[in-house]
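Please construct the entire structure, taking both the sequences and the accompanying hints into account.
Numbering-wise (my numbering), the sequence shown opens with residue 15 and increments by one.
Derived from the structure by calculation, the hints contain no laboratory data. One thing to keep in mind: the hints can contain errors.
To be verified - Ranges between beta-carbon positions, derived for each pair:
hint, residue 1, residue 2, range
1, 172, 111, 42 to 48 Å
2, 235, 353, 45 to 51 Å
3, 206, 258, 19 to 25 Å
4, 207, 256, 20 to 26 Å
5, 91, 252, 27 to 33 Å
6, 178, 248, 48 to 54 Å
Ideal Cβ positions, reconstructed from N, Cα and C, are used throughout, including at glycine.
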Amino acid sequence: MFSSVSINHFRCFDALSIESLERVNLVAGKNNAGKTAFLEALFLLANGPNILPVSALATLRGIQTLHQDVGSELLFGPLFFAFNRESIIKISGLVEKGKQHAVELQMVADTTLRLAFDDAIAQKVESAASDLANQKLRLQYTGPSGKIYRSRMWIEDRDVRVEAIARNSPFTIHFLTPNAHQSYETDATRFGRLQASKDPYKLLESLKIVEPRLQGLATIFTAGTPILHCDIGLNHTVPLFLMGTGLRRLVSILLAIANAPQGIVLIDEIEKGMHYSVLSQVWQAIGHAARRFNVQVFATTHNAECIRAAYRAFVKHKSDDFRLHRLERDDKGAITAVTYDREALEAAVVTKFEMR
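Spelled out as structure tokens, the structure:
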């Protein structure tokens, strides 16, 4: 698990450091305070030497639906603080025993054509490389052992090209966003893995928090697609996608945690689709699953009741593996983080201090 993380020149962060990370971390803050960007930074860091997640972030942001031909400016430019492509993005995190993982992203000149030309033409190529169209995004990952891995990504013939992607990520990581539900196949596959492992984890009991009628889950192939179906006591099972948003959301969250042992799960706008009355129980279920599978969870919210519900859940469990981190902008517009430990959070809840 990460005990701290530092982010420099990424998205809206010029420089941000958060200490005292715990097993379950809830990130709050006003709109445009950087909550989603913080999760994205963790996503890149946890994927280590793999550069493909850069393209995945564009998809999660809906960039590829805005323009048919996504260019380098739209794909790479927004990654850099203030769109300054001459800067270097640095994301690092400490894990147990002080070991560090670090990722750097930088736009570099594409000099692959130099060998084919004489010196005069090569100088022209080098000069043209200052344009984004003639640059590539380079990722450099440094693992705890100090070994360095590099890879590059660029746009060519209206397609994303990459080098050196066949490397294992240092962590298993899943990223759940509120914009789109996990694919039917993804949830069904993760449910199948959980069943195949014969793990005693009681998923069904946790899901009854939002759907008390639930008696069972099963994977049924419909039109060649594996889809989770719910038994709610009717004479026919009901496809999960026809159930409420809250149940679908909780299924995806708990299955993601169960399928990321010793890994990381990122959840943007965790309260989406959840009724306030069940939030405390939902947090209990998330905390139990995170401990059961040794997973570190990072979630975002701008809902005060969600924060209070998390506090109640972890106080009831008498655990100290939960932290609230609030992102806020100072007078100069820089984003900083305020971390609430158990005592500070209790005081804020009692005094109804604004934590969102």
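Non-conforming hints, listed in increasing numerical order: Of the numbered hints, just 5 does not hold.
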